[in-house]
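Peer 1: These are the residues of each chain, in order.
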Amino acid sequence: MPGLNPLVIRKRTTLLLLGIFGLIGILTGRLFYIQGIKASYYQHLAEDQRLRDIRVEPMRGTIFDRKLNTLAFSFETEAVYAIPHQIKDPQGTAKIVAEKLNLPEKEVYSKLTKKTSFVWLKMKPLPEEVQKIKEARLPGVEVAQKAQRFYLQGSLAAHVLGISGIDNQGLEGIEKYYDQYLSGIPGREQAEYDSKGDHIPLGERRFIDAQNGASLVLTIDQVIQYIAERELEKAVLENGAKKGAVILMDPMTGEILALANYPSFDPNHYAQYPAANRRNWVLVDQFEPGSTFKIVTAAAALEEGLVRRDSRFFDPGYIVVEDRRLKCWRAGGHGSQTFVEAVENSCNPVFAALALRLGQQKFLQYIHAFGFGQQTGVDFPGEARGIIPPPARIKNVELATIGFGQGISITPLQLLCALSAIANGGELLEPRLVKEIRTPDGKEVITKFEKKTIRRVISEQTARELASILTSVVENGSGNRARIAGYRVAGKTGTAQKPSKGGYGQERIASFIGFAPVENPKVAGMIILDEPQGPVKYGGVIAAPFFSSIVGDVLKYLEVEPSREQEERRQTNEDNLVAVPNLLHLPKGEAIQILKQAGLTYRELGVGEYVIAQNPKAGVAVEPKTTILLYCDEESRYRREHATVLVPNLAGFTPQEATKALTELGLKIVVNGSGIAYQQTPAPGTRLSTGATVTVYFITPDTDRKR
Amino acid sequence: MKAGKPDLFLILVVLFLLTLGVVMVTSASFPRALSATGGADPFSFGKKQLFFSLLSLVLMVVMINFDYHRLRRFTVLFAVLAPVLLVLVLFFGAEINGARRWFDLKIFNFQPSEFAKLALIFVLAHYLTEIGSEVRNFSTGMLIPLVYAGLICGLVMMEPDLGTTIVIFAIFLTMLFAAGVRIGHLFLLSVSAIAAGVVLIIKEPYRLQRFFSFLDPTQDPQGAGWQILQSLMALGSGGIIGLGLGRSRQKFFYLPEPHTDYIYSIIGEELGLLGTILVLLLFLCLAWRGYKVALSAKDHYGSLLAVGITSWLVVQALINIAVVTATIPATGITLPLVSYGGSSLGLTMLAVGILLNISREPRESQ
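Going line by line, the protein sequences match chains A and B. Each residue of the first sequence is one higher than the one before, counting from 1 in the working numbering. Each residue of the second sequence is one higher than the one before, counting from 1001 in the working numbering.
Cut-off 27 Å, straight-line C-alpha distance, at most; resulting in silico cross-link-like pairs (BS3-like, lysine-lysine):
id, chain 1, residue 1, chain 2, residue 2
1, A, Lys11, B, Lys1005
2, A, Lys11, B, Lys1292
3, A, Lys124, A, Lys146
4, B, Lys1298, A, Lys11
To be clear, the hints were calculated from the coordinates, so they are not data collected in a lab.
The task is simple: from the sequences and hints, build the whole structure.
Peer 2: The structure is reproduced here in C-alpha cells:
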C-alpha cells in the first residue's frame, strides 16, 4: 500500500502556516483598532464604571448665643444603618439587632423589611452598642460616620433654635430660617471601586472638600434666656396655666434677648414630645390682647393731642356706644379720674371714648403704623400677621372695643415691638433673633445685621409722656406687682377674655408688658399666661410679679446702675432678706412648719408626703413672705438611702460638673471621654435607686468638627 | 542513529510564554487571591502557577529525551482511554457552574478533554500514516476518522464545553488537511460542521445570547455582554504602552476570569498593544517552528504528530485571543502556556516536549 504523499504534506503544512499567518494578521488589525483607535472610548467606559462620586456631607454650622456660648453644634459620630435587600433573614437579624442596640424588636423588623435601599436603625448609639453590632458582623447591617446635631443646653431656647433633621436639613425655627447658611455645600469624594463596591487598593482618590455651614450668633443671651425660662416655668406651674411665654427685647435695637415658651421640649429628642410643645406661639399664633393694647390707643390719642395726662374723665362703669352698653371691668366704674389714673386703672370706657374721638381712619392709621396686621419681619419662619377687621366692618361699636383691645388679633411679638417703640422714643424697629453670620469656625464675621428702623410712629415727646404714664401704672396702679427694687419700671397689665362660641368665656389670658429702667430702657419684656386656673386671673396679679423677677434679675445680670432714689429703698429691703431653708426629703408637714417659722409662705405641688424638690433652692436670699414651691412625691416615702431619684439631664456638663450633680443625688458616675457631655445612659428622667450608676459620654467639640 | 539537538528557538519561545504566564497570573489573580485567603496571601495563585510551571518543565525535558515512536504502541490504549474518561467525567466529575469537566484529584484537577486532544493527535497520526494513499478515499480517509473525532467531540459537548470541542475539531481538520484528504471532502465536512454549530448554538439559549452579545456588547452590559465588554475595556484602557505591570483595574472583579480565560485582556491592560502583539508574535513563532518541525520530521508519523500538536497550541491561542477581542462569539477557552491551570499546563508541556523530541531527528536527505 503506497504511503502518504510527502509533497502533499509539505504543501499543505506550509498552507496551514500561511493560514495561521493570515489569522494572526487579522487579530493584529483588531488589536490596533481596540487598543489604538478605540482606546480612549473604552478607557472612559472603564473609568465610568469604577470611579464613583460620593457626597461628602458638610458640617452644619454652629449656633452661638450673643456671648458666643455654643447652643447647637454638629459633630461626626457613628450611626447604624441597614440595607434591607441584603438581609436574607430579617427575623433573625431583627432579633440580634434589637438586642445589641436596645431597640424594640418589632420596630427593627419593620425597618429591615421596608422596601427601601437604605434605612437608619439607630442615630445615636452608645459606643458599646456600636462595638457589639460590629462584632456581630450581620450582613446588610452597617456602621457609618454620620454628622449629628447636638443641642448643648438641651431645651434652652429650644423654640428659637428649632430642630434639624437627620440629613442636615433645618426643619423648624432658626435652623429652618437660616438653613441655606447653616447647611453648607456638600463636597465630593471621587474614588476607584471594584465591582463589589470596595476601594481598589492604591487606586486614585480625588477630593472636593465640603464647605461647612456658616455659624450664627443669636441675639439671645443664654443667661437671660435661662432666667426667663426658669421664671416662666414657675409662673405656669404656680398658676396652673395651659401654657405661657416670655419675650425680652432690647428696645433700643430690636434684638430679642430671650424668647421662651412653656411647655417646652428638648430638640435632641424632639420626637418624644407632643408636637404642640414645639409651637413658638408668641409669633406664629395670634390672640386678642385686651388691656395691654391700650398703650396703642393712648399713644395715638396723646400724639393727636386729644388727651393730656391731666385730662379729666368720668367713668360710671360703662359707656354707651350706638345701642350697646360697653362695661368697665370694675363693676360700678372708676368715677372721676385723670387720664393717668384711667391708665393706672385700665379703665375700659375711657379707652373706648378715646378710640371714638380718634375716629376710625386715624385710629387704624396708628394701628398699622405700630406694625399690627403685618409681619414684624423677625427672622423666624411662619410668622403670623394678626387680624385687623376691614374698615367697612369697623363701626363705632367695634372701634370702641378695639380701643381697649377687643375685636383685634395680634401676636405677642407685635405688641412688644409697639411697646419698644414707646420705650425708645417713638421708632418702630424690626425685631431680630440673629445678630451675625460668621465663618464656620465662628471667628470671623461675614454679615452683621444692624438695627433696622421701620418708621417713626410717634414723636419723642409723646413717647416720653406715655412712658411716664406707664411708670405710674407700675408705681401706683394695676401694675404695682411689677415693681423692681432699685429701678423705675413702666408697664401695662392685661387680662384678656378668651373668645368662645359667639362671645367670651370664662378662660383668660393674663399678661404684662413693660420696660426698665424708664430713663434709659435696657429691656422691654412681655409675659403671657394662657388659661390660668387659680382663683385670681388678672395679669397685674399673676403675671406682673414674674415680670418683676425676670427683668430684675436681667438688669442685675446686665449690671445696669440702679436709679439713685430707688437704691435706698432697696438697701432697706435687703436687710430683711431671708435665706431659704433646705427642705429636701423632709416630710411635708415638717417642711411647712420650718417655712412658717422663717416667715415664708409655701405652695404645694404634687401629691406625695415628702418634699423631693423646692424652688427657690436652699440658701437663696428672698424677701419675707416669698412663696416657696414644694414638689412632693409619694415615691420618696422611703428613707433617703433607699430613695429613688430622677436621672438629671447632664448634656453640656463637664465631667466635674456631671460628677458633682450625680454625687449630690447619690448616684455613681462612669466618665467616658472628655469635654462636654452629649449622651448618657440611662436617659434623663429615668428613675434609679440611689447608689446606681449613670454612664456619661463626653465629646470635645473642636476636634470633632474636622473631617 | 544519534539524535540531533532539539529546536532551541522553539524552547526559547515556550519558556518566554511560560514565564510571562507566571508573571501575569500572579498579577491578574492578586485581588482574587486576597479575597480568597482573607488577605493572607495575595500570591497564592501565582505561587501555584510557578510550581506547576517548574513541574511541567521537568515533564517537557523528560519528553524531549523520550523517543516518541515508543508511544505509538499505546495508540489503541489512548484511543480507548480518551472516550472512557470522557464518559466517566460526566458522572464523577466535579460540577462547576452546571458543567462537569474535571476530576477533582485534590492536589490538582484533571481535565479528560485535555487528554483527549493529545489522544486524538496520536490516534490520527497513527491511522493516517497506516492508511497511506487511502486518505483520498472518502470512507477510509474521511468517514472513519470523523466517526472517532465525532465521538470525542460529542462527549466533550455533553460536559458541555463548546470551546474545547472547537479546538478538538480544528486539530482533526488540520491533520486531515495536512495528510492530504481531498479538498472537496473537507469542504463537505466544513459545511456540515458549520450546520452542526448553528444547531448547537440555537439549541442552547445561552449560546445564542453570547453569540449576539459579541456583535454588540454595549447593548446588554450587565448581562451576556458583560464579560466581553469588560475585556474590551481592559484592552482599551491599556492603549499602546499599557498601565504598567500590576496596575490593571479591570482585574478587580470586573473581568470574571482575569487569570484564566481573560489573561490576555489583563496583558493588554497592563502591557498595552506592545504586550498583546508580542504574545501574538510568540505564537506566530511557535506556529512557524512547530510546522517547520513537521516539515523536517523523519517520517510521516512524526510530521502528523507535529502538525497536530502545533495546530492545537496555535489554534487554541488564536481562538482565545479572538474571543477576548470580540472577534468571534465568546466561548470559554484558555490561552495555552499562559493561563492559570495546573493539569492542562502539564499536558501542554508534555506535548511541547514531544514536539521538541520530533525536532531532534532531522529527516534523512531524500
